[in-house]
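Undergrad: Generate coordinates for the entire structure from the input sequences, incorporating the hints supplied.
Residue numbers (my numbering), protein chains in the order written: chain A, 69 to 404; chain B, 596 to 1012; chain C, 318 to 513.
I should point out that these hints are in silico values taken from the structure, not numbers from a laboratory.
Every residue, glycine too, gets a C-beta built ideally from N, C-alpha and C.
You may find that some hints are simply not true.
Said to hold, decoys possible - DSS-like mimics (lysine-lysine), calculated; alpha carbons at most 30 Å apart, straight line:
1. C/Lys373 to B/Lys953
2. C/Lys373 to B/Lys869
3. B/Lys953 to B/Lys881
Claimed, not checked - Over the 12 Å line for every Cβ pair with chain C, so calculated as not near, a few chain B residues:
4. Leu597
5. Gln599
6. Ser641
7. Asp793
8. Glu807
9. Glu811
10. Lys819
11. Arg826
12. Asp873
13. Ala900
14. Ala930
15. Val970
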Amino acid sequence: MSYQPIKFYQTGTFTVGNRLLAPEERSVQASSKRFNSINSGHRACQGCGEALGARYAIDAAMEATHGQLIAANATGCLEVFSTPYPETSWQIPWIHSLFGNTAAVATGIAAALKIKQKKNPQAQEIRVVAQGGDGGTTDIGFGCLSGMFERNDDVLYICYDNGGYMNTGVQRSSATPPAARTATTMAVGPEPGNAFGQGKFVPAIAMAHEIPYVATATVADLRDLEAKVRRAMEFRGARYIHILVPCPLGWGTQSSETIKMARLAKETGIFPVFEAEHGELKSALAIRRQLPVEEYLKPQKRYAHLFGKQPNVAVIAKLQALADRNIRKYKLLETV
Amino acid sequence: MLKQCEGSHAVAEAVALCRPEVICAYPISPQTHIVEGLGEMVKDGSLADCEFINVESEFAAMSVAIGSSATGARTYTATASQGLLFMAEAVFNASGLGLPIVMTVANRAIGAPINIWNDHSDSLSMRDCGWLQLFAETNQEALDLHIQAFKLAEEISLPVMVCMDGFILTHAYERVDVPTQAEVDAFLPPYEPRQVLDPAEPVSIGAMVGPEAFMEVRYLAHAKQMQALERIPQLAEEFKQVFGRESGGLIRPYRCEDAETIVIAMGSVLGTLKDTVDELRDAGHKIGVLGIVSFRPFPLVAVAAALKNCKRFVVLEKSLAVGIGGIVATNVRMAVTGMGLKGYTVIAGLGGRAITMKSLTAMLDKAGRDALEPVTFLDLDWKAVNKQIEREKAHRKTGPVAEALLRDAGIVGARNY
Amino acid sequence: MFQVRIHGRGGQGVVTATEMLSIAAFDEGRHAQAFPSFGSERTGAPVVAFCRIDDKEIRLREPIMAPDALIIQDPTLLHQVDCFAGLKPDGYILINTNKSFEELGLADLVAGHRAERLCTVSATDLALKHVGRPVPNVPLLGGFAAISGLIRLESVIKAIEEKFSGKVAAGNIAAATEAYNIVRKEMEEAAHAQAV
Chain A
69 MSYQPIKFYQ
79 TGTFTVGNRL
89 LAPEERSVQA
99 SSKRFNSINS
109 GHRACQGCGE
119 ALGARYAIDA
129 AMEATHGQLI
139 AANATGCLEV
149 FSTPYPETSW
159 QIPWIHSLFG
169 NTAAVATGIA
179 AALKIKQKKN
189 PQAQEIRVVA
199 QGGDGGTTDI
209 GFGCLSGMFE
219 RNDDVLYICY
229 DNGGYMNTGV
239 QRSSATPPAA
249 RTATTMAVGP
259 EPGNAFGQGK
269 FVPAIAMAHE
279 IPYVATATVA
289 DLRDLEAKVR
299 RAMEFRGARY
309 IHILVPCPLG
319 WGTQSSETIK
329 MARLAKETGI
339 FPVFEAEHGE
349 LKSALAIRRQ
359 LPVEEYLKPQ
369 KRYAHLFGKQ
379 PNVAVIAKLQ
389 ALADRNIRKY
399 KLLETV
Chain B
596 MLKQCEGSHA
606 VAEAVALCRP
616 EVICAYPISP
626 QTHIVEGLGE
636 MVKDGSLADC
646 EFINVESEFA
656 AMSVAIGSSA
666 TGARTYTATA
676 SQGLLFMAEA
686 VFNASGLGLP
696 IVMTVANRAI
706 GAPINIWNDH
716 SDSLSMRDCG
726 WLQLFAETNQ
736 EALDLHIQAF
746 KLAEEISLPV
756 MVCMDGFILT
766 HAYERVDVPT
776 QAEVDAFLPP
786 YEPRQVLDPA
796 EPVSIGAMVG
806 PEAFMEVRYL
816 AHAKQMQALE
826 RIPQLAEEFK
836 QVFGRESGGL
846 IRPYRCEDAE
856 TIVIAMGSVL
866 GTLKDTVDEL
876 RDAGHKIGVL
886 GIVSFRPFPL
896 VAVAAALKNC
906 KRFVVLEKSL
916 AVGIGGIVAT
926 NVRMAVTGMG
936 LKGYTVIAGL
946 GGRAITMKSL
956 TAMLDKAGRD
966 ALEPVTFLDL
976 DWKAVNKQIE
986 REKAHRKTGP
996 VAEALLRDAG
1006 IVGARNY
Chain C
318 MFQVRIHGRG
328 GQGVVTATEM
338 LSIAAFDEGR
348 HAQAFPSFGS
358 ERTGAPVVAF
368 CRIDDKEIRL
378 REPIMAPDAL
388 IIQDPTLLHQ
398 VDCFAGLKPD
408 GYILINTNKS
418 FEELGLADLV
428 AGHRAERLCT
438 VSATDLALKH
448 VGRPVPNVPL
458 LGGFAAISGL
468 IRLESVIKAI
478 EEKFSGKVAA
488 GNIAAATEAY
498 NIVRKEMEEA
508 AHAQAV
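TA: Here's what the structure looks like:
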């Protein structure tokens, strides 16, 4: 007997979809008993992708660890808006040390927990999550991150990637995409915006370290993000999740369009969404309908200089080529 | 138990006896033997219930220590010179957060020019970071101070640097009395954190503090060091009760009671000074030595009291504040303001240059006659220095200074200017 | 206080020699301080190490400027480095060589020293013979025990057992003992020659 697979796609809000699922498959955030690890009252901008991503990611980690979680946090937007003196919005044990050392601080926490567990085997096991923005992860925190990977310390590192040092006024980081305008890569001169360099895609570097689990995600597919955090917590050793989190201020987008921008990044192939284990690609979140990169670039003021009366066709083509390469490399188009 | 062993080894044994739970280490001369010893003890199981982590930099070492200490584990690391500077941001962070980490600094000069030998520039570059700083005179004291350091750090919730002269102490074989585990356990209870990351009682550590409260938080750090001024001598006394010997404390006076001249110093050079002073005393000079053990907190009152009856003091230090003069000297001067004493600064032993009894005797003789300059650079080759100064006045492209000096000394091939 | 200075080259065990000397003195209930003169570490470079022995606590930290005894592990250093700087009058000199002091060109230098305080021993050969490696430091310690009487041969043997184990320890003990006997004989012959 032959059968025809029929795909159901979730469109619009997830509210209705949640009710169709078995309780254990529903979003953590949909529960009335959700952890609210990062509670309301924080000072993030309207439409902040990072606040959204952190809320889902950390609550999923709390669920996976039965509430036995300690978080380390790099200096950056998340740290600043979540702990405005004299308040904190964290309901979990949380430490902020410095900008570039979060992976190492997490290593220290994990080591201490290991000894505590050894001395008191009856106690509930506590896990560690480290979190930082792209600046604190790909640039200043890179050495410590690589060290943590190499030692395979039992830490889940989550990078919230908005492509720049946003908290200090939108400066360029090594995660800033080519051609994007930032305060240190202004849209002036013969080559406006960020240069076309080699790029520094840390998920690929994490895969090269062959750590147990690497995944990318966006705030457009929050269920997928939660599932990946849960999956990550099933592993022991170094794990890395890289989340694309649009920043309305830094990207020059509408604060109501954060999720849409993330979806466009995925559907154009600009941001590949995939999973890998021990250096091997395991799965990809397929592009449903591939869109040309212009659809993604046009709504963002940081790319405004590519458009107007005389669009910069050459640069747009280069960006399209990067997207096409991602699609090929990470197998983002379904073969059905 | 009496042992004849290397200083680093004695320190490793002392640290192991303190039941550390996490040790993180990055190699740098001349501390490496300490962490190698501890690493071996962890690996072969003789130091149980301890995680030993090989980190990728000193910055990572202090950061791992921060995470570990904040989670309630007794934590230790060691470094020197360039390594201490590389972790500088984290060093300030650790004391700012009030984490009772203990760190050995095997005192070594800071480059450029790169130099692996002993002086105090590394520890003193961090003198204002909020860590307590204790300077060991002998390997026995280095061993003892680590035991006292863990207790002190955990009581007052501030990290402690135990400073010992690189190579001169770390690599010297001498007799030490290594305590038993029972003795150390009697002195040092398990770590009970004031603040700890624990899901049962969540707290946020390291939040931003604005102008509304920053001064208060910083004042409290200073207040803790003032508490330490009281606690350190008590701790030394308690140590004596358990272990039967003098070690630590704020200062260590030697033959100062009727001294007209008192020479002040820190670390291993105190030994050489004591031998020198004994000879000078035999020759009729009224001279004494004042060792400073606790550099931070600086014992202003104790130093002033020790110098009360002397005519003059000489600060002999292995450090230089480029642009002003002595570092220890300026701290000492603060203690004796208004006392009407004559004070001299002698900068010696930078980059490991040997400090000899011969040079000290000549210098102290001059001091006794008040014939010493306000600031002296002991055993400096003035000829070489002046030649370089003249050369730089005459030519523009004089090349690297170090090479020029070495050329003059005939070590590198000569050129024609 | 007795001060010993050992000269050699990197890789010849100069530093270990001073450490073992200090251990031997410790085993006899004395205070001892051993430390190297630190330079850039590399095999073959000149190395100096120091050992002070006393019956009370040793406080002095300067390099040994006026040694009571010198051990020279590598005679190629003799005219390259000033090994003899500061040597006390009539100080002890023990050289690793099969040549005599005269053949080494040192006759004038040692003119004022008692003959039984100037000894040579082919320590490298002894080491090759008993241990199979050309490291002369341990046999020289055996020789030093003989020439100076500062430490007993038994203490040197005990120090060897602390530092080494198995066949290497046994070989070193044999080498040190043979060196001790050779130097003792040399000293007797020298005293005898003077008496005649």
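Undergrad: Indicate, hint by hint, whether the structure satisfies it.
TA: Quick rundown of the hints versus the structure:
1. Among the hinted pairs, C/Lys373 with B/Lys953 is consistent with the structure: their alpha-carbon atoms are about 22 Å apart, no more than 30 Å.
2. At roughly 14 Å between alpha-carbon atoms, C/Lys373 and B/Lys869 fall within 30 Å of each other, so this suggested pair holds.
3. Between B/Lys953 and B/Lys881 the CA atoms are separated by roughly 18 Å; this keeps the pair inside 30 Å, and the hint holds.
4. With a minimum CB-CB distance of about 8 Å to chain C, B/Leu597 fails to clear the 12 Å threshold, and the non-interface call is violated.
5. Listed as outside the interface, B/Gln599 is inconsistent with that label: its C-beta sits roughly 4 Å from the nearest C-beta of chain C, within the 12 Å cut-off.
6. The Cβ of B/Ser641 lies farther than 12 Å from every Cβ of chain C, with a closest approach of about 18 Å, so its non-interface assignment holds.
7. Distance to chain C confirms B/Asp793 as a non-interface residue, since its nearest Cβ pair spans about 46 Å, more than 12 Å.
8. Every C-beta of chain C lies more than 12 Å from that of B/Glu807, the closest at about 51 Å, which supports listing it as non-interface.
9. For B/Glu811, the requirement that its beta carbon stay farther than 12 Å from each beta carbon of chain C is met, with the minimum near 44 Å.
10. At the 12 Å boundary, the C-beta of B/Lys819 stays outside the reach of chain C, the nearest C-beta of that chain being 34 Å off.
11. Every CB of chain C lies more than 12 Å from the CB of B/Arg826, the least distance being 28 Å, so the non-interface label holds.
12. Under the 12 Å C-beta cut-off, the non-interface status given to B/Asp873 relative to chain C is violated; the minimum distance is some 9 Å.
13. The Cβ of B/Ala900 sits about 24 Å from the closest Cβ of chain C, beyond the 12 Å cut-off, so the non-interface label holds.
14. A cut-off of 12 Å between C-beta atoms confirms that B/Ala930 is not in contact with chain C; the least separation is 25 Å.
15. Annotated as non-interface, B/Val970 keeps its C-beta farther than 12 Å from every C-beta of chain C; the closest such distance is 23 Å.
When held up to the earlier numbered hints, the structure conflicts with 4, 5 and 12 and fits the remainder.
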